[in-house]
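*Asks:* Chains as they are written, first to last, in our numbering: chain A, 1 to 256; chain B, 1 to 405.
It cannot be assumed that every hint is accurate.
Said to hold, decoys possible - Here are the simulated SDA-like pairs of lysine to any residue, each with C-alpha atoms no more than 25 Å apart in a straight line:
hint: 1; chain 1: B; residue 1: Lys-148; chain 2: A; residue 2: Arg-12
hint: 2; chain 1: B; residue 1: Lys-148; chain 2: A; residue 2: Ile-15
hint: 3; chain 1: B; residue 1: Lys-148; chain 2: A; residue 2: Arg-16
hint: 4; chain 1: B; residue 1: Lys-129; chain 2: A; residue 2: Arg-12
hint: 5; chain 1: B; residue 1: Lys-129; chain 2: A; residue 2: Arg-16
hint: 6; chain 1: B; residue 1: Lys-129; chain 2: A; residue 2: Val-11
hint: 7; chain 1: B; residue 1: Lys-129; chain 2: A; residue 2: Ala-89
hint: 8; chain 1: B; residue 1: Lys-148; chain 2: A; residue 2: Ala-96
hint: 9; chain 1: B; residue 1: Lys-148; chain 2: A; residue 2: Val-11
hint: 10; chain 1: B; residue 1: Lys-129; chain 2: A; residue 2: Ala-3
hint: 11; chain 1: B; residue 1: Lys-129; chain 2: A; residue 2: His-9
hint: 12; chain 1: B; residue 1: Lys-148; chain 2: A; residue 2: Ala-89
In short, the hints are calculated from the structure, not lab data.
Because the structure is a prediction, the values reported are computed rather than measured.
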Amino acid sequence: MPALQLALHFVRRDIRNRYLGSFSGGAWALLQPLIQLAVYGFVFVYVFKARVPGADAPGYVPFLALGLWPWVAFSEGVARAATAIQDNAALIGKVALPREVLVFAAVAASFLIHGIGFCAIALALSLFGTPLDLLMLPVALGGFVQLFVLALGVAFLLAAIQVFIRDLAPALPQLLMLWMFASPIFYARETLPERYQGWLDLNPFTHYAELFRALLLHSGTVTVSGQLWSLLVAALLFALGYGVFRRLAPHFEDFL
Amino acid sequence: MSEPLLVEARGLSKSYPLVFRSRDRARALWQLLSGRGHAQSTTVLRDVDLQVRRGESLGLIGENGAGKSTLLKLLTGVLTPSTGSVAVHGRVGALLELGAGFHPEYSGRDNIALSAALYGLSADEVRGKLPEIVAFADIGSYIDEPVKHYSSGMVVRLGFAIVAALHPDLLITDEVLAVGDESFQKKCVRWMEDYLAGGGTLILVSHSMYHVQKLCRRACWLRHGEVAAAGEVFDVTQAYLAYQERKSAAAAPTREGVAGQEFHLLELFLNDDASGAPLVLDRGAGLRARVRLHARDGRAPVAMFGIVRADGTPVYGVGSDMDGVTLTRESDNVYTAEIEFPELPLLPGSYALRAHALDPEGVRLFDTLERGVSIRGESREFGLVRLRHRWIAREATADARSVRA
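Bound conformation, chain B alone:
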C-alpha cells in the first residue's frame, strides 16, 4: 500500500440547520455573519474517516438515508463539512444525481460543453473529445435536442459519457447506473473495469451488492450517518446483508402460520450450518443443502431446491420427484432431504438458495425457505455460471494462407 493517498477525510460530520420559518433564516444569517454556531441542527453524517489510495475501488453501501449521498457530496466539494476536513488530490469525475449540472433547455452538445467547462476543460479540449463523448453516449440525433426531451436513461448515458471521456483520477458515482438499460449498464461496468485495470480509482454507491462486489475491492457500510463496518468488500457486504436479513426477519410475520399447513419446512442447513446468515463460499467450492420437512398426515412430501441470483434471476432448480428420490423418514411426520452441488460452477456474486416443500404429487407449493449464498472471487466472465468449454485452434485455411502470402 505504497500508492499515494487520493482521498483523505478526517472526522467528517455534516449537520443541516433546522429552519422552518423565515425568522429562523434571518437568525441563521446573523449567526453565520457574527461567527456563532447554529442553535439547532440535524446531523446526517457523524465522524467519518475515509482514506482511498490511488488504484483502489471502494463501495459505499447502506440503507436509504444513511448518509451515502451526503458523504459523496462532501468528497466532491458540493457540500461543506460542518466539522472535519476533506482533501482530494487529483481530478474528480462525479455522477451524483440524474442530470446533475445539465440545463434542460440546452442541447446535448451544449451541455457537454458546459459540463466540460465545469471540469476545467478548455474549449479546444472539449472540441477534441466531443466525437468520443457522442459515440459513447450513443443516443443518436437526440444529441442536438434539448435535454428536457431526453428519457432518464439518455440523461445517464450522456452524463456517463462525459465523465468517461474526462479520464478522471477519481470516479465517484451514485446509484445512477440503475437507470440505464441492460446493455448500457454492461457498457458502463465494462468501462469501469477497464478504468480500474488501468489504475483508476473508484468510489461507488450502490444498492446492488452484485455491482459492488463485481467492481470494488473494499467497502464501507454507513448506518445512520456513521461507519458501521469498513474493509474487504466481501466481509462488509456479508455483514450488511446479514443485518438486512435480520431486519426483514424481525419485520416479517412469524412462520407460525405455516405450521398448520399440510406440509411445511422446519429447518434449512447450508453446509451443516443453520444460523440463517448468508453463506460465503470460495469459487468452485461445494454446497450441501439439507432441509427438514413436516408432513401433517405423514405422507412423504416432495422437496425442491433452487438457486437464484440476488436479483431473483433463476439459475437452476430441481425437485426430488424429478430425480426419483424419496425423502429420508426421520419420524412419523418429519422427513429430511439433502442435496449436494459439488464444485458449484457459479460465478462470483450474490445468490440465494431456496428450499420448497411440495405435496407428494409435486404439484402444489406449500412453503419456502431462503438463504443468501455469496461466491467470493474475481472474474471477468459474464453471466451466472461457468459453462464447461474449450477453445478450438484450427489450421488456417488455404484461402487465408494465400491471402497472407
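Chain A on its own, in the form it takes in the complex:
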C-alpha cells in the first residue's frame, strides 16, 4: 500500500511541522489542551460556579475534560485540514501525489496527538480519584475513530471549497467557536431549557460529547438509535465531503 505509506509519512511530517523549532517539542501537544482545561475549569468552577446537574453528578472538571478533548481533536483537525491543499500548493504543482493524503494527514495528526492526550488525561483523572470506568476506554477510542470519520468528511469538504473560496479559512475559527458553544461541551443537555434540548440532536458533535461521558463517567445515557444515527451521519458526511473533494481535486492546480 504505497498510498498508506505516503499517508503515514505525511502524518509524521505534519506532527513534526507543528512542533519544529518550539522549545517543548511534543510536550506542547499535551500541554495546550491541559492549559485550556485549567483555564476553562477555573473560570467555570470558581467564577461561574458551574455544576453538572443531577444527584450523583460527577465533578465539573472531568465532565469538561471528556467533552473538550474530543472537540479539540475535531476542531483542530478540521481547521488545519481546511488549508492543507492551499498550504501545500507548491507540492501539488510539482509532484504527482494523491491530494487526499494531505487532508488525511492533517486530520490524522490532530486525532493522534489528542487521542493520546485523551487517554493520558483519563488516566490522570482517575489517579486523582475521579471514578472513571477505564475498562470502557477502548470503546471510547472506537468513538474517537467514528469522530475521525466525521472530521475527515468535513475536512475534505472544506479543504476543497477553500481552494476556490478563500474567505473560508479566516471565517473558520469563528464558525468553529460558534459550533463549540452550540455543543454540550461546557454544559450538559439538562442545563438547557426543556424546549431547546431537542435541538442539540441537530448538532453531530453532541453525540460524541455525550458518548464519552456516558462510557467513562456513567453520566447520562446514549441510546442505541442515537448511536446508529450518528454513525449514519458520519458516513453520509464523509461520503459527501469525499465526493466533492474527488470531483474538484483534478482542478485544484488551476485555481491555486
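Once you have looked at the hints, place chain B on chain A.
*Replies:* Here is chain B on its own, set in the frame of chain A:
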C-alpha cells in the same frame, strides 16, 4: 519497434480557466460541482498526440511558453488534461522544476526520505539507497543542513541523485540540468547515457540542441501549444533552428547599414548553398565555405573563417593573411574567398561557421556572417573535435610480471 508502449497520450489539451476576481472563482466552483464546463479559458496545449516506447529517448523543444512544461506535467500526472487521455505504464522519475517537492526547512536527508515516499518507496528501501544518493549528490556536509541553505546547483544535485537512485522506467527532466556546474552536468549526461544504454526511457526538455542531439533519438517541437514537427532528432532540431534563424533574421536590423562601410560581406555559401538554413553534415564529411566580399575602394580585404560550437565556444579560426592567400578578384570591388575543410573532424553536435571581412592589414573587423552547421551521428567521445590518436600497447614490465607470478 516491437517494444511496449510506455507513454501514450491522445488528443491531449489543457486550458486554464480565466479567473481574476473572487466572483469568478465562486462561479467556477459552482460550474465544476454542477458539471457544466468553463465559460472562459486560455488553451496552452492543443490536441497533442505522443507515443514513447520503452528504450526510446525523446527531446521536447520549443520556445518559452510553447507548452513543454505543461505537457510534462500532464505526463507525470501533476496536471489533469482538459480533454484527451494520458497513460503511463511504469515508474516515472520526474525532475520538473528546481527543488520540486523539497521542504525548505528540512535537511537534505529528510527530503530524500520524503521524495522517496512520494515515489512509493518504503522506509527500508530508502535506508538502503541513502548512501548511493548522498554519494551521487556529492554536496558534502550540506546533506544535513536545511535545504533552504542550499545553492540552486546543490538542489539540482540532490534532486537528480534521488531520481538516479530510483532507476525509473521513464525519466522526465525539464531544463533543470542547466543550473548544475560543468562537472555535474557532465556527470548527469553520462548517467543518462548509461541509463539509455541500459534500456531506460527518457523525455528531456531542453533549450540546448547540443544536449538534445546528444541524448535523444527522437524529438518533438512544440509551437504555441501544438506539435509543429516530430520525428528523427536531427530533422526536428534542424527545422526548429531554421525557424529560429528566420525569426531572428526578421527581427534583426537589415544589413543595409554595413553596405556603406569600407568592407562588407555579400554572400556566404556553404557547400555551394546560400539558402541561410543550417547545414546538416554527416560526421567526417567535407565542408566548403565561400564568401563574396565588397571593397569600397577596391583594395583586397582579408577574409577570415571560423567554426564555433552552438554555445559560442571557438573551435578553430583562420584568416587568409595568416596563410598568405590573396583573394580572387571578381570585379573592381568584389572579391571571393573560398576555404575547404576536408574530412571535418568535428564531433556530432551543433556548430556555426562564421565568415569575417577585415581590412587588408588584417587588423580591423568590418563584417560577420554566420550560418549553422550540424554534424549528424552518435558518439560517446567528449569534446569538440576528434584528435588523431592511437592506443599504445606495451609489454608488461618485469615488476608487474613478478607480482602476477
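*Asks:* Now tell me, hint by hint, if it's right for this structure.
*Replies:* Against the structure, the hints:
1. B/Lys-148 to A/Arg-12: Holds, because 21 Å separates the two Cα atoms, which is no more than 25 Å.
2. B/Lys-148 to A/Ile-15: At roughly 20 Å apart (the allowed maximum being 25 Å), A/Ile-15 and B/Lys-148 satisfy the hint.
3. B/Lys-148 to A/Arg-16: holds, 17 Å
4. B/Lys-129 to A/Arg-12: holds, 21 Å
5. B/Lys-129 to A/Arg-16: holds, 23 Å
6. B/Lys-129 to A/Val-11: holds, 23 Å
7. B/Lys-129 to A/Ala-89: Outside the cut-off at roughly 28 Å; violated.
8. B/Lys-148 to A/Ala-96: Holds - the C-alpha atoms of A/Ala-96 and B/Lys-148 are around 22 Å apart, at most 25 Å.
9. B/Lys-148 to A/Val-11: holds, 22 Å
10. B/Lys-129 to A/Ala-3: holds, 20 Å
11. B/Lys-129 to A/His-9: Holds, because 17 Å separates the two Cα atoms, which is no more than 25 Å.
12. B/Lys-148 to A/Ala-89: Cα-Cα ~18 Å, so holds.
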